[in-house]
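Chemist: Sequence:
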Amino acid sequence: MSGDMADGQAVVRAGVRRPRVLARAAVGWPPALRELKELLYQVYLEGGAPSLDTITAAVADDDELPGAPGRDVIRRAISDPGVPPDQADAVAVARVLARRARWDEDDLSARVRALWVQARMAAGVGRPIGDFIRDDRLVLQDLEIHPAVDSGDPHRFGVLPRYVPRAHDTQLAAVVDAAVAGRSSIAVLVGGSSTGKTRALWEAVRTLPDGWTLWHPFSPTRQDAVLDQLADVAPKTVVWLNEAQFYLSPAPYGEQIAARLRSLLHDSSRGPVLVVATLWPELWDILTTRTPDDENAQARALLEGHRIKVPDVFTAGDLRALYGTGGADPRLVEAAEHAQGAQVTQYLAGVPVLLDRYANAPPATRALIDAAMDARRLGAGPRIPLNWLAEAAPGYLTDTQWDATGDNWLEQALDYVCAPCKGIPGILTPHKIRRPRNYRAPTRPMGDDHGSQGRLYLLADYLDQRGRQQRAETIPPVDFWTAAAHHAHPTDFETLGDAAWGRGLYRDATQLHKNAVRHRASSAPSDLVKHLRQIHPADLRPAQWAATHVSLDNRHAASQLLYTLRKAGAWEQAGVLLARDPAAHVSLDDPFSVGTLLTELLEAGAREQAGALLARDPAAHVSLDDPLSVSLLFKALREAGAREQTAALLGRDPGAHTFVDNPISVGMLFTELREAGAREQADALFARGPGAHTHFGNPLWVAALTEEVRQAGANEDLFALLARTATRVSIDNPFLSVSVQLKELQEAGAHEQVAALLARTAAQVPIANARVVTGLLKELREAGAHEQAAALLARNPAAQVQFDNPWLVTELLKEMREAGAHEQAAYLLARNPAAQVRIDDSAAVNGLLMELGEASAHEQAAVLTARLPAAGHFDLFTEASDSSELFQFGREPDGCASPPWTWDDLH
49 MSGDMADGQA
59 VVRAGVRRPR
69 VLARAAVGWP
79 PALRELKELL
89 YQVYLEGGAP
99 SLDTITAAVA
109 DDDELPGAPG
119 RDVIRRAISD
129 PGVPPDQADA
139 VAVARVLARR
149 ARWDEDDLSA
159 RVRALWVQAR
169 MAAGVGRPIG
179 DFIRDDRLVL
189 QDLEIHPAVD
199 SGDPHRFGVL
209 PRYVPRAHDT
219 QLAAVVDAAV
229 AGRSSIAVLV
239 GGSSTGKTRA
249 LWEAVRTLPD
259 GWTLWHPFSP
269 TRQDAVLDQL
279 ADVAPKTVVW
289 LNEAQFYLSP
299 APYGEQIAAR
309 LRSLLHDSSR
319 GPVLVVATLW
329 PELWDILTTR
339 TPDDENAQAR
349 ALLEGHRIKV
359 PDVFTAGDLR
369 ALYGTGGADP
379 RLVEAAEHAQ
389 GAQVTQYLAG
399 VPVLLDRYAN
409 APPATRALID
419 AAMDARRLGA
429 GPRIPLNWLA
439 EAAPGYLTDT
449 QWDATGDNWL
459 EQALDYVCAP
469 CKGIPGILTP
479 HKIRRPRNYR
489 APTRPMGDDH
499 GSQGRLYLLA
509 DYLDQRGRQQ
519 RAETIPPVDF
529 WTAAAHHAHP
539 TDFETLGDAA
549 WGRGLYRDAT
559 QLHKNAVRHR
569 ASSAPSDLVK
579 HLRQIHPADL
589 RPAQWAATHV
599 SLDNRHAASQ
609 LLYTLRKAGA
619 WEQAGVLLAR
629 DPAAHVSLDD
639 PFSVGTLLTE
649 LLEAGAREQA
659 GALLARDPAA
669 HVSLDDPLSV
679 SLLFKALREA
689 GAREQTAALL
699 GRDPGAHTFV
709 DNPISVGMLF
719 TELREAGARE
729 QADALFARGP
739 GAHTHFGNPL
749 WVAALTEEVR
759 QAGANEDLFA
769 LLARTATRVS
779 IDNPFLSVSV
789 QLKELQEAGA
799 HEQVAALLAR
809 TAAQVPIANA
819 RVVTGLLKEL
829 REAGAHEQAA
839 ALLARNPAAQ
849 VQFDNPWLVT
859 ELLKEMREAG
869 AHEQAAYLLA
879 RNPAAQVRID
889 DSAAVNGLLM
899 ELGEASAHEQ
909 AAVLTARLPA
919 AGHFDLFTEA
929 SDSSELFQFG
939 REPDGCASPP
949 WTWDDLH
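When we follow the numbering used here, the leftmost residue of the sequence shown carries the number 49, and every step to the right adds one.
None of these hints come from the bench; they were simulated from the model.
Each hint should be verified, as a subset may be incorrect.
Beta-carbon label-pair distances, calculated as ranges [what the hints assert, rightly or not]:
#1 R566 - E83: 34 to 42 angstroms
#2 A171 - A74: 19 to 27 angstroms
#3 T373 - A838: 49 to 57 angstroms
#4 P538 - Y371: 45 to 53 angstroms
#5 S267 - R185: 13 to 21 angstroms
#6 F937 - D701: 53 to 61 angstroms
#7 R589 - R686: 48 to 56 angstroms
#8 D455 - Q518: 24 to 32 angstroms
#9 A842 - R736: 47 to 55 angstroms
#10 G353 - W450: 47 to 55 angstroms
#11 E330 - D701: 37 to 45 angstroms
#12 A839 - H906: 51 to 59 angstroms
#13 S267 - R829: 56 to 64 angstroms
#14 A136 - A74: 54 to 62 angstroms
As a list, the in silico DMTMM-like pairs of lysine to aspartate or glutamate whose alpha-carbon atoms are at most 25 angstroms apart [claimed, not checked]:
#15 K480 - E291
#16 K357 - E192
#17 K578 - D629
#18 K578 - D601
#19 K470 - D183
#20 K470 - E439
#21 K357 - D183
#22 K615 - D665
#23 K683 - D930
#24 K357 - D217
#25 K470 - D512
#26 K615 - E656
#27 K470 - D930
#28 K683 - E656
#29 K480 - D179
#30 K357 - D888
#31 K578 - D923
#32 K615 - E385
#33 K470 - D360
#34 K578 - E620
#35 K480 - D190
#36 K578 - D342
#37 K470 - E251
#38 K357 - E830
#39 K862 - D888
#40 K480 - E521
Beta carbons: idealized from backbone N, C-alpha and C, even for Gly.
Let the sequences and hints guide you as you build the complete structure.
Modeler: Shown next as structure tokens:
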């Protein structure tokens, strides 16, 4: 009979009963306690996992130990998640175990003492919610809730107007209730500026019971605060992420933050916690839309399924509830009576006042505001340097306007934009550095708060959003870009450089990317090499600069640059980069970074560095949360022939620990586990229920998982998944839902499910939705259902469909052409979709251009082409207009071809 453990029970061998191995303490917070418990458990295991009786006897036999814990105290010191009540007892246990494991007793004792003190002193981040409840002004300042227009008597009515609950508050309350019940939760309020998102969050979290704290990470920067302090989030903490894009999108740390937040939410030992966030709709789309390089994969996984929409306007029922307050707050009544289109919250936040001041600003002042709007929409953070705006503003003025501007124009403009009105902040608000007061921080260089940026200003949210909409197809003048290169925040250089390059401003983009290389940029080093190779193929100085200055602390920059240098044949510069030893710097907790760097080192022939990277034992350290990253690491290890590391990674059973909410990533890990011969782990991964976790509203995800399962030969799982698909997949998007699922069902021979799916779609077609009409036309045509297709076209969808998505317009035109519905296609083109479609997706725009060409709609194609440069698709513009040679060196903001320039012209 085996003497191994079975289900935690001791198993008898030859009549000898082995002791039960003590359980490992599951500690989530505080970090010091987790480290203490891990340390004690490690020495316990390395000491041979002695029985409690053995440890108790050893303690009793040693009178020199600092403590004399009994059997139960010893068990709790090792296995209980709480802090040992007595430090001396914990040290006594540590010393006894150190002897058995042949560890240094004094060293271990010192570590246990220090960790015990840290664990007892841990308080967690944030402050009690009661502090906010007692001080509305603290709510305004720390939680960034918009103040209301002045009532004339703030002492009587308070700084916040009376709250009127709406439909989204009910959804939000359910998330808060889940947290109170002990389940970590996240809620993301998505709505336009000044629609009441942050106020709704506050009204929800203020109902939490005593014992909850609220943490708003913002200092020294939002991302730094999360990265530095997230480990100190205690149970019963609200993590307040107002304007979540500042945490989740700026490279290179947005994805890292999203992954850590996901880990926090999934770690039951750290819960319950409640993460609340706000986003504008357009920013939600950016963070949750899959792109070719899937740069927001972690953010999308964090956010999807947790959106609560906040409407722009009050419904009739909301207005009745407002008037039902009996006029208790005159600000509400005033807003209801004067707000345009029932935009009550916007009125309360002073939006009409802001718009009026913007519309009536003098030319130089208007230029300053426009420069701030452009800075924000093109990638600058919320704190905009005044030096940048002051140098940029003159470029927005005509010669006549500039000549009429006095010497003190900037002071006058600042007086205008910063002046509060009716109790609300002005168009621009001076940024006050917020740091703990009366606190001796670590020594830092004097004056590094602003550096060369000078004073910093915040643009009013509503004008920020308005600028993104109304100035979306405007290219700022030369002064804007040159000032940005001198004064923008270093972390913004890369994004601003990307914006400049996309608009054909090659020289400005290169300067910004050159600046960014020295500031931990992620893609700028490789972009600098690729772009300058396009303009000056023989000049290797950009490659030398990038290899010399790229940050090795950035998780992805070195591997990206090594790939680019290798593809460019810049082997000498690749050698410069390799001489800096990126393998010694890569973070071992990120499987994606380790996997991509390992692959690039092998491709570059740097086998010694690849071996050194493997010698750092990444398999023992990488996070297992993200199935995509883990699968990429498995592939890299397999290609490297690193069998020991592969075995070590398998030994951690990644399939049991990874997230299973993204079927595409789960499918990839499923495949890699089977490639590694770990079929049991692969089957166990699927048994955890990725099908059950699949978001059936995303048919592409369903199809990807289906394909992986089919390729793996897991037929039982395949048919179970297909059966659920036919009855549960969303049909709100037939182009995806029907086409993808019909294909899968047909290939599986699931004829009954095919019939069921087609039957469900026949009577549920919203005719104004281009996505729906296009998808159904395609499927009806391919299924030979010509009568139904004709009936659908007879409803004249061309006169009703919306033009928001160029890809859908393309597919609809194509389907009409395939169906011979030429009149419908002509009617659709007559509505001028080229001037109305969104043009943020270059692939979708290119598809529409091609379809317009097929339809001989040359005027429409010209209209669409002319919109491309300002939208950041200059490469597509040069291709469509056959002007690549003309714009070899890029263009100027006024549309003229840029004169020749070289690396020597850059600062």
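Chemist: Hint by hint, where does the structure go against what was stated? Just the numbers, ascending.
Modeler: Hints 7, 12, 14, 20, 21, 22, 23, 27, 32, 38, 40 contradicted; others consistent.
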